[in-house]
Amino acid sequence: MNEPVLHLRGLTRRFGAKVAVDDVTLDIPSGQMVGIIGPSGAGKSTLLRMVNRLLAPSAGSIRFGELEVTALSGRALRDWRTRCAMIFQQFNLIPRLDVLTNVLMGRLNHRPVLTSLLGLFSAAERAMALQALERFDLADVALVRAGRISGGQQQRVAICRALLQEPRLMLADEPVASLDPRNAKVVMDALRRINREDGLTVLCNLHDLDVARDYCDRIVAMREGRIVFDGRPDTLTEARVRGIYGADHGAGTEPALT
Amino acid sequence: MTPPFETAWQIRRRARLLAGLGWGGVLLACLLLSAWVSEAYPAALLAGLPRVGEYFAKLVPTLHWATLFGGTKAEGSLAYWFYRLDSWAWLLFETSQMAALATLGGAVGGLLLCFPAAANLAPNRAVYLLCRRLLELFRSVPDLVYALILVWAFGVGPLAGILAIGLHTVGATGKLFAEVVENADMQPWEGVRAAGGTWLHGVRFAILPQVLPNFLSYTLLRFEINVRGATVIGFVGAGGIGQELYQVISFNYYEEISAIVLLIVLVVAAIDLASERLRGWAAGQGTP
Ligand SMILES: Nc1ncnc2c1ncn2[C@@H]1O[C@H](COP(=O)(O)OP(=O)(O)O)[C@@H](O)[C@H]1O
Ligand SMILES: [Mg+2]
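Those protein sequences? They're chains V and Z, same order as listed.
If you read the first sequence in our numbering, its first letter stands for residue 1, the second for the next number, and so on.
If you read the second sequence in our numbering, its first letter stands for residue 259, the second for the next number, and so on.
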């Protein structure tokens, strides 16, 4: 395939004296579904936020093919954010607006500022939103306020919003940490679908090792800001897991919740 | 031998007691000083009280049962007391319109300034400080002072009053709005920005729907305050019922004073009641 690769080179982020992400170098080819695991505070969220540029790196670079992401600002930065959609643990929808409008937020950067500020979207865009909602069994809640639907539904609405951005990359920060196992499965299935069917690269922070093993092509483990494992799920042995989560992490126990 | 903890505790308690006494003393001294500066002596208060009573006695209109519901020519009738009701009603209407326009204009100004003046949204520290200071500037000058200046610039009339109250309202509402914005949930904001939305998109879609009910509530509260403000701003020639009230007070037309004051109280109370109802409704809109 000829799609651009996401290159992270020596990526570092400090908060005061604390080094949250420490010299991370990674190459992520197009179309991969990557799970980032690691104990709470390992720097997973910080890493994803830097890729979307919600956080500025302290050092290092992010490149997407030929595009130097770290140098972007203004319009170009917003274009980049549109291309790498983000999913959050708390969904980050607008609870007081209806589901359809929430999904249409993914189109903001595709419209002239004035019409988008007035909330004017084209019929084609509404159809696009409805199609996305239908795809994830949400068409019947399209006009319900986003704050009124269940967490599992909200996260799928967030995925629809992300899809309307027509992104190349999907970043998901603990997308199922606030959901019960059944809803978690529905949401993870949705993420895998967009990875398989739409060919999107998915970068997904997960605290649940089993979920990561079940869904991801590749697992990257972080500890104290550094990458301590990078490989296929079947090469992540019990001994290596202990190394990631610390010695007291026995077989069968869940890693600490983030 | 007392244990070290007990000794430490005793020392701390004594220190606190001393500090309390010290600050209490400072406060008392300040109070006495300000009383002395403003000549607020108990003797003056006692001497003045009867005169307040006298003034009120003069304000009471002479009404006669026999002619109470007579026409405007019948002395002792209600109509005689309120003989200029038509022009007063118009002036009261003008006053409430001044308050409404000034509140609306001022709140729009506050709305524009409150987002860059909120620490969580300000694009940078300089913009934040600039907008905060600007709001303080608007707020720190009383509307009566603005009115004095504006009457000089625009001439006697309601325009000066509207502008004066409006300017003060920009600062008063803007500060309250900014504080509401600072308490807003930032997750929707992050969602909109992460999707490639601009700062304005974030304000419009992520913040505004959350804060609007509160903004409405504060604007109505300000409207109630501004109605009161508009009734006295006429004293300096800035239009409305105040201008009339000032005249009848300076000419000692006692019965007209009481008639106008009564009308003001009635109108202000009615507006307060209506606005309170609306605020209750707005608060109900606040839940998602
Ligand atoms: N905004 C922030 N300010 C200060 N420290 C932060 C901030 N965000 C994260 N950190 C710190 O950076 C480290 C990594 O955090 P995070 O990326 O959230 O880890 P994870 O998502 O793996 O749990 C933690 O020690 C956290 O305390
Ligand atoms: Mg995290």
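If you're looking for bench data, these hints aren't it; they were derived computationally from the structure.
It is possible that some hints are incorrect.
[Unchecked claim] Each pair of labels, with its calculated beta carbon distance range: (1) Z:383 / V:186: 19 to 25 Å; (2) V:182 / Z:527: 54 to 60 Å; (3) V:186 / Z:399: 54 to 60 Å.
The C-beta atom is built at its ideal place from N, Cα and C for all residues, glycine as well.
So, going through the hints one by one against the coordinates:
1. The given range of 19 to 25 Å is broken by residue 383 of chain Z and residue 186 of chain V, whose C-beta atoms sit roughly 44 Å from each other.
2. At about 58 Å, the beta-carbon gap between residue 182 of chain V and residue 527 of chain Z stays in the expected band of 54 to 60 Å.
3. In this structure the hint that residue 186 of chain V and residue 399 of chain Z lie 54 to 60 Å apart at CB holds, the actual value being about 59 Å.
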